[in-house]
Every structure is written in structure tokens, then in C-alpha cells.
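Protein chains: 2
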Amino acid sequence: MKGEFEFIGDIRKAFPAPQGITGIGDDCAIIPQQNGWDTLVSTDMLVEGTHFLKDDITPYQLGWKAGAVNISDIAAMGGYPTGSFLALALPKKLDSDWENEFLRGYGDISREYGFPLLGGDTTASPDGIGICITVFGKAPHGKSLRRNTAKAGDLICVTGTLGDSAAGLEAILKGLPRSRETEALIGRHYLPRPRLTEGQQLAASPGVHAMMDISDGIGSDLRHIMEESGLGAEVDVRAIPLSEEMTAFCAAFGSDPVRLALEGGEDYELLFTVQPDSDPDLKVPHTVIGTMTKETALVWKGSDIDYCGYRHF
Amino acid sequence: MKGEFEFIGDIRKAFPAPQGITGIGDDCAIIPQQNGWDTLVSTDMLVEGTHFLKDDITPYQLGWKAGAVNISDIAAMGGYPTGSFLALALPKKLDSDWENEFLRGYGDISREYGFPLLGGDTTASPDGIGICITVFGKAPHGKSLRRNTAKAGDLICVTGTLGDSAAGLEAILKGLPRSRETEALIGRHYLPRPRLTEGQQLAASPGVHAMMDISDGIGSDLRHIMEESGLGAEVDVRAIPLSEEMTAFCAAFGSDPVRLALEGGEDYELLFTVQPDSDPDLKVPHTVIGTMTKETALVWKGSDIDYCGYRHF
Numbered sequence: 042m043k044g045e046f047e048f049i050g051d052i053r054k055a056f057p058a059p060q061g062i063t064g065i066g067d068d069c070a071i072i073p074q075q076n077g078w079d080t081l082v083s084t085d086m087l088v089e090g091t092h093f094l095k096d097d098i099t100p101y102q103l104g105w106k107a108g109a110v111n112i113s114d115i116a117a118m119g120g121y122p123t124g125s126f127l128a129l130a131l132p133k134k135l136d137s138d139w140e141n142e143f144l145r146g147y148g149d150i151s152r153e154y155g156f157p158l159l160g161g162d163t164t165a166s167p168d169g170i171g172i173c174i175t176v177f178g179k180a181p182h183g184k185s186l187r188r189n190t191a192k193a194g195d196l197i198c199v200t201g202t203l204g205d206s207a208a209g210l211e212a213i214l215k216g217l218p219r220s221r222e223t224e225a226l227i228g229r230h231y232l233p234r235p236r237l238t239e240g241q242q243l244a245a246s247p248g249v250h251a252m253m254d255i256s257d258g259i260g261s262d263l264r265h266i267m268e269e270s271g272l273g274a275e276v277d278v279r280a281i282p283l284s285e286e287m288t289a290f291c292a293a294f295g296s297d298p299v300r301l302a303l304e305g306g307e308d309y310e311l312l313f314t315v316q317p318d319s320d321p322d323l324k325v326p327h328t329v330i331g332t333m334t335k336e337t338a339l340v341w342k343g344s345d346i347d348y349c350g351y352r353h354f
Numbered sequence: 042m043k044g045e046f047e048f049i050g051d052i053r054k055a056f057p058a059p060q061g062i063t064g065i066g067d068d069c070a071i072i073p074q075q076n077g078w079d080t081l082v083s084t085d086m087l088v089e090g091t092h093f094l095k096d097d098i099t100p101y102q103l104g105w106k107a108g109a110v111n112i113s114d115i116a117a118m119g120g121y122p123t124g125s126f127l128a129l130a131l132p133k134k135l136d137s138d139w140e141n142e143f144l145r146g147y148g149d150i151s152r153e154y155g156f157p158l159l160g161g162d163t164t165a166s167p168d169g170i171g172i173c174i175t176v177f178g179k180a181p182h183g184k185s186l187r188r189n190t191a192k193a194g195d196l197i198c199v200t201g202t203l204g205d206s207a208a209g210l211e212a213i214l215k216g217l218p219r220s221r222e223t224e225a226l227i228g229r230h231y232l233p234r235p236r237l238t239e240g241q242q243l244a245a246s247p248g249v250h251a252m253m254d255i256s257d258g259i260g261s262d263l264r265h266i267m268e269e270s271g272l273g274a275e276v277d278v279r280a281i282p283l284s285e286e287m288t289a290f291c292a293a294f295g296s297d298p299v300r301l302a303l304e305g306g307e308d309y310e311l312l313f314t315v316q317p318d319s320d321p322d323l324k325v326p327h328t329v330i331g332t333m334t335k336e337t338a339l340v341w342k343g344s345d346i347d348y349c350g351y352r353h354f
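Those protein sequences? They're chains A and B, same order as listed.
Numbered according to the working numbering, the first sequence spans residues 42 to 354.
Numbered according to the working numbering, the second sequence spans residues 42 to 354.
Here chain A stands alone, though its shape is the one from the complex:
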């Protein structure tokens, strides 16, 4: 089997997007409509044993999170969600309480973020649970924030704090004792809150050039903006925003906060670039962590480790 990004590269070469459409290579496809809006579409597959362990997540949390992972791609373009489709492959031994609770979690996030379920598919699975969600959104024509539009000299920014979800996962997998801190981190892992409003505000802010959501950790995600924009980046690891809970967790259990923040993934925060003179006017709370550069390399200032982020295969 090929590496994930090599395989995606092959698919992209074999399936060039039709004229006017942004196809493979960003958080969402962008399909212009005749009414002055673009349609945004993203699809994500969650597989038991790869993305989650059934006994470690409640069906309510899984339903919420499956929706969150997808709506985060709409947030990443600065779009407005319009609807969703849900395909489920379920083992026969699942009980109907599991199904009801999954639907309750999905229902809660779809109502809160405004992406009603419009259709789907259900089928039996001989092995684990498979979930595939396709989510739709819209954005004013040409106004979606993409990965390939960063400029050299742009400041690199993130919303929120990074690594909380990864620390929460570590607490779950290692069965660490629960405290106020670990519960908060676990909550960020199970019930992420994508930055939909912030994404919309950033897409409407002058000087914001490129954006994506942080799903694999910026050690991986930032490389997509670099590659798509043909640029490099310099990131000061000392500037990475870390929560108090995460810092306390790492101190207590001997974990490396920077590694969790850069390689852990599943933060569903936003990573964006902005021209320096526009930064002071941004209404969205954020942290500047570095600068886009002309050299096509990723330099971590303040560390001699080459952080890479999560790879699916």
C-alpha cells in the first residue's frame, strides 16, 4: 500500500477537476453556483480501530465527534453549513441503544451547527463500525479560504490551544487517574467544538490569506499549506498556545507538551496565515506562532526535533 499523501497525489493526477471547480487537495471541494455562492463539500470516513475504539467512546460522543470532524472542514474554508449525509456500516451485534445514542449525539451537533441530515445509507458490517459523513456548505463566490493562497511574510496563526485532545486521548488510553484537568482534556477529545463562527469571521477579514483546520497536528497540517502555496515556514515552538490543563497534565505524567501540540492532532482548531499589517485588526482570538517563508522548508525555532504530525497510513 502506498503512503497516504502519495496515494492522494495519484488520485489527484488521475482525476483532474473540471474547469472552474476546486477538486481534490483542500478541506472542501468548491463548486461555483449561478447564484453568487459556491457550494462546499467534504467527506470523511471514520473507522473503528483506526479513528476510535468502541469501548473507549460512548455512542453519543462518537455521533457528536463524527459530525464535528466534518463540520470542521466547512469551518476551515470559512463556510456556512447547509446539510449532511450519513452512511453507517454497523456490526449486527450492536444493540439499538447504541444506535439511538449515536443518533442523539449526531442530532445535537447537527442542530447546534446547522447541518441537517438529508440522507444516507445503512448497511451491515462483518467487522467494526464504519461511519462516512458528507457535509455541505456554502460561501460567497471566491471567498473561501484555501490552502494554496498563503504569501511569503504572512504570519502563521492558530485559534485556541493545541494538544488538549491528544493529551485527553493519552489519559484515556493509559487509564490515567481522572482529575479536573484530565476531564477537561478528555472532553476536548470526545466533544470537540469546531471553530465555525471564527472561520466565517476570518474569511470575511481583509489580509487573511490561507486557512485549514488542525486535524493531524500542525506538524503535518502546516506542510499542506506550505506545499499547496509553494512556500516554507518558520514556527517558534515556544509560541505554541498550550492550555493550563495540558501543561499540568504533562508535568504530572511526564508527557512532552510540544509533541502533543504539534503531532497529536484532532484539535479542530483553525490554522491560518495573515499579512502582518492586518493582524492587529482581527476580531478572532488567536496566537501568532510563526511566519511563512520563501524557502520551501519547515523550520522549528526553539527545538531540534522535526515534528511530523499524524499520518493515517
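FYI, nobody ran anything at the bench for these hints, they're computed from the structure.
Please read all numbers here as calculations on a predicted model, not as lab measurements.
All C-beta atoms, glycine included, are put in the ideal place defined by N, C-alpha and C.
Hints are supplied without guarantee of correctness; some may be wrong.
To be verified - Here are some, though not all, of the chain B residues that point toward chain A, as calculated from beta-carbon distances under 10 Å:
(1) Ile-52
(2) Ala-58
(3) Gly-64
(4) Leu-127
(5) Gly-148
Use these hints to put chain B onto chain A, whose structure you have.
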């Protein structure tokens, strides 16, 4: 775990479609646009061990068939395809030839039927292969053929012949000797050709009231039109169109052709209803197999078996 249709019924109750949108319960969702067209969307999940056995289908055939299953839902509404999204969960042990051949099959059908790949997702699977495709189409506003619009007295019609795919599957699973007949049937199983043009012509024909594609066998599929339309049906099993190859196959190997035709599924032919006086004017080759009735029961004339069609769980 609940039965498939009970579970879908629960989802439908929990997620009512927004005003103006046709959501769960038909081949595609129908989303009106401002340009005089409706957007059609359908999603299908194919799971190794449920929908296919990896050693019994080539990756090229699987790529073609995954596309066919989906585009058949657009055909079922009389729509025009516009694009597709492909999510793949793949075991790490797959070789890259498999991936390339799968993409070649998907590429061939997507070019032939006109649904370019616009995006997707790739991920690792700890067990078998999972494929989720979301396909888009369009139809003039309000002109899609739905399941809930049959009228009492309508003739029930099908395109092509039924049961060929099921006979082909039987030949594969039982390892029956290959002949011209079995090869033709196996070809219909592996490389189905959805009735896209025919669906478009039927949607533009006066008097055609309801339509869906035949994926589970009409023993199951016709019940959807009955339930959605609040009607019953009388079908003459002696009128079911059977191919010469399928009849010869059943004679040679002792299979029941009517059971294969009504319960086998995966024909990807069209099942539609038309008012009797419009039938002679239809340009699309078809066979009349029965009549929609006011009684909410399915009566098989010429047989005392209650055929049911394929159920996923």
C-alpha cells in the same frame, strides 16, 4: 440491532427534512436551487464481506461497480450526474496495483457516465475494505421521479431483464463451470450498466409517475414504492422479463429463475409506474409486469410464494 428499514424509519423521524427539501426516504435527496434546477445527492457504503468478497472481484470491477451502484440512484430520479466524492478505508496489506486498478475502474465509469471525482478521503482500515461514495446530480426543478407519487391503476414496468446479476453471483459463489451464458451473467454482476439515459427519458415522459432503481430485487424494492405511495400492487410473475442466458443457466443448474429475478437484486434496472394510456408512447424499452392497486398488499399472480427481496440486516 434493529432491522434495516426500522432503523431508517427511526432516523427519518429524528431528522425531519427542512422545508422544501426531500430528505431521507428516496433514492436521492432533492435540494431546490435558485437557478431552476434541483440538486440530487445520494450516498452509498460498500463493505467487504457484506457487498463483495475481495478474492471474487477484481479491483477494476469493484471500482466500476462502486460507481455504478451510486450513479444508478441518479438514474432512478431521472437526473443528470454532476460529480462524486470517494472515501476509502483500505487495509495496510493492499498493494498499490490494487489501488491503481480500483481507480482505473472508477475512472472509466465516472468518465463514461459523467460524474467527475471532486474530492474524498483515504484512511487505513484494520479489517476489510470500506468504500463510501457520494454522488451529485441535477434535475429540472420538481421533475425528479420519486417513489411516493405512484397512482392506483398505474402499470408497473421494468427496463431490461431481471435476475441476471443474481445468477452471475450464484455462478461465482458456487464455482460453476464457465460458458458463454455464465460469462454474460457474471458480466452483469461485475460491470452493471445503470440506465441513466433511460431514466432521463422516462422523467421527461408524460404519465410516468414514480420510479426507483432495482438494487435489492423488486420483491423488496416495489414495497418501497407501495409504502411511500400508500398503495398496493399486483405483479404477474409470469410477465417478469428473463434473459435467455439466465433461463438457460437456471435450467442447467436447477435454480429458480423467478426467485433470482425477484429477490436477487443488483440488477440496477429501473422500476417505474405509468398511467395506462401513456404506456404506448414511451420510447424507452420496457416490460409491463403488473398494476398498482388501492389495497395496500403485494399480490404475486402466477405463484404462491411471497417473494421478499434482499435485506441488508
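Broken hints, numbered, in rising order?
-> Of the numbered hints, all hold.
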